[in-house]
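Novice: Sequence:
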Amino acid sequence: MSARKVHHAEPPTVDRLRSDIDDGRTADKVRFPDPAAAPLGSDDEAAGTPVSKDQRRQEVEARQHADAPRREAPGALWLYALLIVGAAFFIAGVLTLLRM
Numbered sequence: 153m154s155a156r157k158v159h160h161a162e163p164p165t166v167d168r169l170r171s172d173i174d175d176g177r178t179a180d181k182v183r184f185p186d187p188a189a190a191p192l193g194s195d196d197e198a199a200g201t202p203v204s205k206d207q208r209r210q211e212v213e214a215r216q217h218a219d220a221p222r223r224e225a226p227g228a229l230w231l232y233a234l235l236i237v238g239a240a241f242f243i244a245g246v247l248t249l250l251r252m
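The sequence shown lines up with residues 153 to 252 when you count with this note's numbering.
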């Protein structure tokens with residue numbers, strides 16, 4: 153797998169970095185929103201030291217990996233479907249025997 157390299161004239165904002173992480177573009181996690189109590193960068197801003205351009209640029213370069221992990225298709229779905237069909241046949245068989 154090849155790593156992608158994107159050059160930005162201006163490093164993305166902290167909100168953009170968080171969006172990239174949540175969308176799975178940084179290979180940190182699968183694509184899913186992460187409900188955080190303190191969003192990325194809020195601690196720095198609260199301390200009066202917002203994230204600098206250099207820090208944001210370093211973060212982007214550190215997170216440029218191969219493709220994000222993919223979610224596997226739910227293989228257990230077929231098992232549940234077979235279980236339901238089997239239960240339906242079992243109930244139908246029992247009802248047929250009771251009618252005799």
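Any given hint could be a false lead.
[Claimed, not checked] Cβ pair distances, simulated, as ranges: (1) Lys181 with Leu235: 26 to 34 angstroms; (2) Asp175 with Ile243: 40 to 48 angstroms; (3) Leu229 with Pro202: 44 to 52 angstroms; (4) Ala233 with Asp206: 47 to 55 angstroms.
Hint data in this document are derived by calculation from the structure and do not stem from the laboratory.
Yeah, the Cβ is synthetic: ideal placement off N, Cα and C, and Gly gets one too.
Novice: Please go over all the hints and tell whether each is borne out by the structure.
Specialist: Now the hints, each set against the structure:
1. Lys181 with Leu235: 26 to 34 angstroms: Once the Cβ atoms are compared, 31 angstroms apart, the range 26 to 34 angstroms for Leu235 and Lys181 holds.
2. Asp175 with Ile243: 40 to 48 angstroms: holds, 45 angstroms
3. Leu229 with Pro202: 44 to 52 angstroms: For Leu229 and Pro202 the Cβ distance comes to about 46 angstroms; the hint holds.
4. Ala233 with Asp206: 47 to 55 angstroms: holds, 54 angstroms
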